[in-house]
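K.L.:
Residue numbers (my numbering), protein chains in the order written: chain S, 1 to 761; chain Y, 1 to 731.
Keep in mind the hints are simulated off the structure, nothing from the lab.
Computed from a predicted structure; not experimentally measured.
Ideal Cβ positions, reconstructed from N, Cα and C, are used throughout, including at glycine.
Honestly, I wouldn't trust all of these hints.
[To be verified] Calculated pairs, DSS-like style, for lysine-lysine (alpha carbon to alpha carbon, straight line, at most 30 Å):
no.: 1; chain 1: S; residue 1: 749; chain 2: Y; residue 2: 58
no.: 2; chain 1: S; residue 1: 486; chain 2: S; residue 2: 712
no.: 3; chain 1: S; residue 1: 749; chain 2: Y; residue 2: 266
[Said to hold, decoys possible] To spell it out: a stretch of chain S is covered by chain Y in this simulated footprint if at least three of its residues, at any positions, have a beta carbon under 8 Å from a beta carbon of chain Y; those stretches are:
no.: 4; stretch: 385–392
no.: 5; stretch: 714–720
no.: 6; stretch: 728–739
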Amino acid sequence: MQILFRNGLSLLVILIGYSFPAASKTIHQSTLLSQSWPINHFMTSNEPVLLNNASNTYSLSFPVSDRVMPVSLHLNLHLYNSNKLKATRSQLVIYINDFYVKQFTLDPINSTQKVKFAIAPEYLVNGYNRLTFKVAQHYTDEQCEDWAAPELWTQIDSVKTILTLHYRTKKVQTSLAQLNTLLNDRLGDYNISFLRAGKAITNEYLYWGAVAAQGVKLRLGYVPMHIEEQWVTPYQWPIETKPVNANFNIDPEILKQDAILLGTRQQLKNLLAPEILAEIKGAYLGLFQQDIKKQNFILVISGLNEQQVSKAVKAFSLMRNQFPDSQQTIIKDINFPPKEDLVPWRTIVSGQNYLFSQLGFITQVMNGSHERVKLNITLPADMYATENAMVTLHLNLAYGAAIRKDSVINVLLNGVFNHAIRLKEIDGAHYEDYQIQIPLRDFNPGLNTLTFDSVLTPSEYGKCTFVQRRNLKVTLYADSKISFPKAGQAASLPDLKLLRTTGYPFVKNGKADNTYIQLLNHSPDTIQTAWHFIARLAEFSQTPLFDIEIGLDEQKENRRNLVIIGNDFNHADMFTDAPVSLGQWNRFSYQYKETYHKPEESWFRWVERVVFKDNILPLESIDKPKNIEINQSGGLGKQFLLMSYPSKNKKDGTVLALLAEKENSLYSGFTTLLFSGLWDQMWGDVFIWDRHKKFYSTREGDTFVVGHDNPKLNLIMHFSRHPWQWTLIIVSLLVLASGVIYKLLVRYKQRVHPHVEEDVE
Amino acid sequence: MNFIVHQGSQAINSILLPLFFILSGSLLYLVNLRIDVYGQAFVTLALLVSLQLLRNFKYHAFVRVLFIAISSFLVLRYFFWRINYTLSYHDFWSFIGTIVLFLAELYGVLMFFFSAFVNIRPLRRKSIPLPADKSLWPTIDIIIPSYDEPVELVKITLAAATNIDYPTDKLKIYLLDDGGTTQKLTTNNEEIRQAAHRRVNEFKQLCAALNVGYLSRERNINAKAGNMNAALKHIHGQLILVLDADHAPAADILTKTVGSFVQDDKVFLVQTPHFFLNPDPIEKNLGLFHRMPSENLMFYRSIQRGLDFWQSSFFCGSAAVLRRKAIDEVGGFSGVTITEDSETALKLHSLGWKSHYIFYPLIAGLQPETFNSFMIQRMRWAQGMVQNFILNNPLRMPGLRMEQRLSYLSNMIFWFFPFARLVFLTAPGLYLCFNLKIYNANMEEFISYTVPYLLALMLISHFLFGKDRWVFVSEIYETMQSLFSVRAVWAVLKNPHQPQFAVTPKMETLEKDFISPLSRPFYGLIVFTVVTVAIGIWRFWIDPDHRSLTGITLFWAIFNLLVLLAALGALYEHRQRRVSPRIPVNIHAFWVIKSCNKIIQRWPVTIKDLSMGGMSLISQRELPEANQGQCSFIEVVDTRSQKKEYYPVSRVTHFRQGEHLIHGLKFNCSGLNEFVKIVRFVHGDSSRWILIQESESNNPGLLKTMIIMIRTGFYYGLSHIKYIVNSYFLR
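Could you put together the complete structure from these sequences and hints?
P.N.:
Okay, here's the thing in structure tokens:
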């Protein structure tokens, strides 16, 4: 009975807490804030939402930060619909998290509509919310109409349709278990400050910042990050404004956002309250509300010495789940596994087979036509295979009955059609180990997406017929497999395209042990850029790069790859071998003319064309740009430069330079590069851009091949690219071997047939 | 100074072998690199162009090696690609087809390398002259084994043997008559017994007249080998010249061969080529006799010379001189297999004995006249060599050097060709008719790997054997043999001891044109290939997606059809009445009318052909007829003795051809001595055989020979079909 009573009481408390969340927490009632986004901010591509056919649905997800309490959500909807719709039967319905919110008639007369309405906060949740647009569209009052008639359409303008969230901020919860949630406030781009206690910038500090930036970025995922590096001096609180139990002696005015305070206990002693200082007994992590802006936090990463700070910052970047549930923790030690056979999470190794489920795929059902499921595969940057090396998909799939026999599943690789699976069994089928082969060379280094696009057609179809579509189903099972052929490791460098897709060669297999980041100056702008660049590299590996080195010194002996970052490039000698030379005089290439090569038709192409009369397109001319270099006094100005070139000193080494003029903010340029789609435009070895997203990409310098693990594949790659050399070496060896055989035969003749006289042929 | 040079050359010699292995290893490594198809196309094009250029310098030994090396590289590239990238599993039957085709190709590639090895350095050995001191010349027994050959055929050989230039006290001739054994003479079959008695009597009289020893034995055991072994008990010469009953020797056969034995005690064999006066049935039925090199020329001019370089030229059963001591060492001629000749040679080579091969035709023989007889002969060879492969495998035989093992292996493995040939004939049909996917390649790969491979094979074949064999001739001969040899070889594989020696029928007379009874299986194959081609054309038309692959296979099927058409043409046996084959010659002579041994008239003429029956000659003017009491003769200067010889003849026919008069003469043979003299005139001069061989060895070029062969195949193949239509449908 006692037990029953006690349990019932607990249940009551929980229910009350659930029903009245505001009552269960102490909420700091801050001022009402708001933030607006066009809905394309939450879409994967910048395009309008097109809803066609008699019925259609489009959903998108948008986040609501854990650190806010939504007050209201307004949707300012901007839509166009077909002027052939029948208003009596056509409508748009809007749902939030599957709850009905609003409906409109799709009026053919007023075919452009601007509607603004509020959505009650009760339907919103912290985290991701689903906004759904659903249309019913008809062009006739009769039941008998073409379901897919082209005049059945409505378009929602994703640029002009604005979502505005009104909210109040909440105090942050100071549990280290909440770090994952805190480090993405879901209020748009995430801003964080790295606070330095002393004026001096040491290599240790640069390293701590680099690792901490990775820790933040790995938690943020695709959410844009902005770093601010700040030097803070001890602040003397005015008595009248000093908060009770202030934890930090830091001027609240300079704390605009969440912050990470880095330094040894000694370095931080004037910035922290004695109670916190007393807790720093080893490698230390502590999470605190800011003294004034309680909705922001300060994460203290410290230790009794530099090694302990390093340990603490590594622990921070590693501890990316719900443990520990405490405000502070001391890290005793970190036990790394042995280094052998370690590859980044979900990275493909050649010659191996993978279940789709190992690559994050779950069994999915494609309903109706044009539903897509995707499988993401990350290939190493330097995976090189012969042209016949095939990736084989062993698909386990099922599809419904009574599907018309022209139904297919299109397989797209990185958005490009590659293969089709015909669904020809009228009674449906279940395929085990349906094999598809795709040349490994069709895959890109880095992330690849295999898309399975169902194109399903009902077997019964007609204007006045009930068309059954619920049978249009294809299931792709997660126990399908993908097998990769054996491949070697070779890549042609420098290549900014490889950098943009994989981070290669500066990060490889989750390691950056050959990379040194050299800062040209120690301005916060340069430091921010360097840390952010390192964080970007870590993103490729999905794991922190502890083995990276960063500093103001010259390149290290044991590191063959160098990244030069800065906006003070008086070190002209660094760029003598670079495709673009900067300094007192600036050398740059301009488009001039092209070298013309007559296209030569290969003989098998000729045979195909002449003998088999295949419809072969005419050969395009082979033109190579011939640029011209101009030395001049004018320089980068407000532009930014990223260039890569072979290292002069290090064998197989690559140099990457990320530069801007002194008076220009390199960091703003770098974030423009990262977040405006410019990053995906990089190729060649020179890339120039500005804040207005104008860019220019080219290749100017030489390339070289790296990859020592498989000499055979290196040779294959080399000779495939240089058939003249291949021919020359074969012919030379054949002539040489023939000479030797001839001599051996002469010797044999002298030995076995010493006195034989021969007839002349 | 010389010492330094010698030291230097020794140093170079010592690094040659390691260098060879390093270079070969490097090339093998590079062969295994899967360069992109464009790179492959690039290198193959360069190498094919090189081959084409090198053909102009073929007589330099280094160029020959280089040519073989380049071709080998192309073949290896193809094979590397074939193994690694074209064998795939689609379904059960396709897989079976894939494996069978691959094995056939594997055989082809294996034979390519064996052939390249054997032919890399042919030894053009000159004959070694005999010492001036005749007392040093060894004693010789000439043995002529016979089984059931006609007496008139053996008579020529015996007469020719008596004409051989060699001291008579050192030369004995024996007819080894297996047709006169006690077993034959006492057989229960009355008819056979009587015929045997008649034959023996005739032979005995003939031998007595020619001063030739007649030997026979109790029973016909171990065929030819047993016959010769039985004779060994009765003969005691230091050397033995073996002649087939239809192989008439030239007068200089011993003076050109025995020198080797005098010079080197370790020589056990001097083999000479077999030269034939008549066409084989394929040459005859396709009208190619004297137009193209004889089929056996490739073996006797090229391969045996290549084998000789590797100390592996072997005994071919006739036209060879052997050392008695060596034969005794292995207990006589080996008779385990039905090719006793190569078996004996193999054993003697393994004991360290040496062989010489002299490419100088010193006998003139006869080939089988019908395709039936031809197949009896070829099946015996195939079975014998496969028996040897199984029972005396050179890889297992102790005492042989590696090069000898490879050489013998090359000769034995060649005879497995029927299996491969049948696969190549049917493979296109498997794809076009049954849609079996037996060759997994796309058009670009096919052009980059397969086409250069095929071109390389064609070019090297033409380079090495261009004078000896025209292109496509091997295909026709092998295709024709394969349908029957495949069963013969299979029988040996099942039971290696089963085959029996079958004597090749000779001197058959064909009274009228007829279709060879062995044609039937070819009809089936032709129908299948025609259907394949028809389906191929249809598929080429309706399926543009697979047009490249269909086109390639269709081309292959059409090639097979052409070969089969040529085979069909060769199976249309043409009438042949002439027993004594005509030998084309160009001898300046005189038409002489004599009376009482006194020359009355003498007119210059030119003899254009010659046979044991007579000759044809041309003259500028009319030749006078011999009157009563006069005799007509042909006066010829003997090329060896430089003496004038007179042969009694009578004119049978004459007619005008342009400005010339053509006369047909027949010999008036009054007795055995006259016959022996005529044999010496017709068969005694070996230089004529060389001239004939040289005239046949025309090499009109790869393209022209291709066109000739295609045209010939078409013409005679359609003649065969026309004959059938006329005989069976329009009669």
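K.L.:
Hint by hint, note whether the structure agrees.
P.N.:
Comparing the hints with the structure gives:
About 19 Å separates the Cα atoms of residue 749(S) and residue 58(Y), which keeps this hinted pair within 30 Å; it holds. With a C-alpha separation of about 12 Å, the suggested pairing of residue 486(S) with residue 712(S) holds against the 30 Å cut-off. Simply put, residue 749(S) and residue 266(Y) have alpha-carbon atoms about 17 Å apart, close enough for the 30 Å limit, and the pair holds. Taking a C-beta to C-beta cut-off of 8 Å, the stretch 385–392 of chain S contributes 3 residues in contact with chain Y, enough for the three needed, and the coverage statement holds.
With 4 residues having a beta carbon nearer than 8 Å to a beta carbon of chain Y, the stretch 714–720 of chain S meets the requirement of three or more and the stated coverage holds. Only residues whose C-beta sits within less than 8 Å of a C-beta in chain Y count toward coverage, and the stretch 728–739 of chain S has 10 of them, enough to reach three; the restraint holds.
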